[in-house]
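For the record, the sequence lines run as chains A and B.
Under this note's numbering, the first residue of the first sequence is numbered 2, with each subsequent residue one higher.
Under this note's numbering, the first residue of the second sequence is numbered 949, with each subsequent residue one higher.
The set of hints was computed from the structure by calculation and includes no laboratory data.
Mixed in with the good hints there might be a few duds.
[To be verified] DSS-like mimics (lysine-lysine), calculated; alpha carbons at most 30 Å apart, straight line:
{"no.": "1", "chain 1": "A", "residue 1": "K341", "chain 2": "A", "residue 2": "K283"}
{"no.": "2", "chain 1": "B", "residue 1": "K1054", "chain 2": "B", "residue 2": "K1036"}
{"no.": "3", "chain 1": "B", "residue 1": "K1018", "chain 2": "A", "residue 2": "K305"}
{"no.": "4", "chain 1": "A", "residue 1": "K171", "chain 2": "B", "residue 2": "K1053"}
{"no.": "5", "chain 1": "A", "residue 1": "K174", "chain 2": "B", "residue 2": "K1054"}
{"no.": "6", "chain 1": "A", "residue 1": "K334", "chain 2": "B", "residue 2": "K1018"}
{"no.": "7", "chain 1": "B", "residue 1": "K1054", "chain 2": "A", "residue 2": "K341"}
{"no.": "8", "chain 1": "A", "residue 1": "K100", "chain 2": "A", "residue 2": "K7"}
{"no.": "9", "chain 1": "B", "residue 1": "K1023", "chain 2": "A", "residue 2": "K283"}
{"no.": "10", "chain 1": "B", "residue 1": "K1054", "chain 2": "A", "residue 2": "K305"}
{"no.": "11", "chain 1": "A", "residue 1": "K305", "chain 2": "A", "residue 2": "K174"}
{"no.": "12", "chain 1": "B", "residue 1": "K950", "chain 2": "B", "residue 2": "K1018"}
{"no.": "13", "chain 1": "B", "residue 1": "K950", "chain 2": "A", "residue 2": "K334"}
{"no.": "14", "chain 1": "B", "residue 1": "K1023", "chain 2": "B", "residue 2": "K1054"}
{"no.": "15", "chain 1": "A", "residue 1": "K341", "chain 2": "B", "residue 2": "K1018"}
{"no.": "16", "chain 1": "A", "residue 1": "K174", "chain 2": "A", "residue 2": "K100"}
{"no.": "17", "chain 1": "A", "residue 1": "K7", "chain 2": "A", "residue 2": "K135"}
Please read these numbers as outputs of a predicted model, since none were measured by experiment.
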Amino acid sequence: MEELAKRFATYLAHKMPKASNIEVADVSRIHGGASRETFRLNAAWDEGGHRVVRPLILRRDPVASLIETERDLEYNAYRAFHPTGLPVPEPLYLETDLKWLDRPFFVMEQIVGCAAGSPFTPDPYGPIAQKLGKQFWTHLGHIAAADPEKLGLKMDPVAPDECWSRELDKWEKVIDEDELCPQPVARAAIRWLRRNPPPPAQKISVVHGDYRSGNFLFNPEGEIKAILDWEMCHLGDPLEDLCWAADPLWGFDNKELPGGMLPRAESLRLWQEASGLKIDPKALRWWEIFNSLKGLAIWISAGKEYQSGSNRDPILALSSIYPTDVHNRVLAKELAALSKEARA
Amino acid sequence: MKPDADVMLAGFAGTMLMDIAPQLGGEYTLGSVGIISMSMLMVAQEVDRAADVRYQENVQMRALFAEAAKLIDDKNLAGRLEAASTTKDESLRVRALDASNDALKKLLIELQAVAEVSKAPWAAGLEGKIWDFLLGSVEARRFVFPSLG
């Protein structure tokens, strides 16, 4: 860590020519998603006759990751949403020159005094679950309501009637490339999704891509202070985010208490209120099934990374065991019921 | 081997979580030990059942294929189903069972794709049996996630 601290201090000196006596201390690696190496640190420097101390987060590209994403997407999402009042950390620097830390990285504000809940516990938020739930679903509604053009986010455009096929093609390709064994449930899901396309998106929104329990920081008073991990964000149907956040995996296998916070009906109501959008039940069902398939694709990919030896982070091995099991069960149950319904 | 593999894995995971983790510094190290311990508890669930789950699935898929081979119109697929239905597992090593399980599941995917769009009188029944098999399969492979509290 000493070497990293030294090199990062040199980088800060380059970015802040007016600063002097730059010190980087307390560097420690933290779990911050399986796609980036994340470090917490404290930077201090003299500037304008004062000593400035700033806790920072450094997110560096790994050699191989759970999801192959572009770090500038995540950085630009923080930059776009930070001025809107949505709780996201302030982004500070995006660096693609390898000379500083060998791999691209970005730097952002560290949110102090907060924690993230684990989705893999039956009651991750205890007495503040309802308070957090109200904010969680409302913030997601606000992301859905935001105008991507006004935000100035540059992402691949997509037509309302193509959101579903673009995402399905993308994740089917991941399964095609990464499956270590045949996946009959995933394949049945893909066929069902293609035979039963959803209605076009009501609007094109910024889709966070991994908005869920565990990906936000909250303080002990039950206030959400930061929505994190925007590395899979893209333009698309806002129902994609809604259904990912409500996926049973993030509610300890309980579909009726998504994210372990508020009952499902209340969660959906809050989202509709904040987004100004109506939920079409047919579209909702499609995106629910799609998201469980997307989950499977991510877990299959994690298993491939681990098995091949390209990344031996134990989170990849665990990701490919339990979440795969949950999503296979969720999908098998849903699809078997839909098959009966179609034959009736 | 005694103690049993699942007993040892669960025991080691407990030692790591309760005795070793509290002595460690560093959030990332602690988190990794937690993840490894959780994984060991799941592998402990898998080791005892792994061969049986795969063996039973293979038996069930062969029986399904023998029945389907008599029903479907596609002669090529029917021939391959018939041939697969007569195969046997010569070894009970997990990797050998996995190899036959994979081959049978590839064929199952093909069969299910045919059955689910067929309007033939046998299609609904066969599709239902495939889903019954898959529901049984995912349930047999279910992991109980140890709560982190």
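Violated constraints from the hint list, given by number and in increasing order: 3, 9, 12, 13, 16, 17
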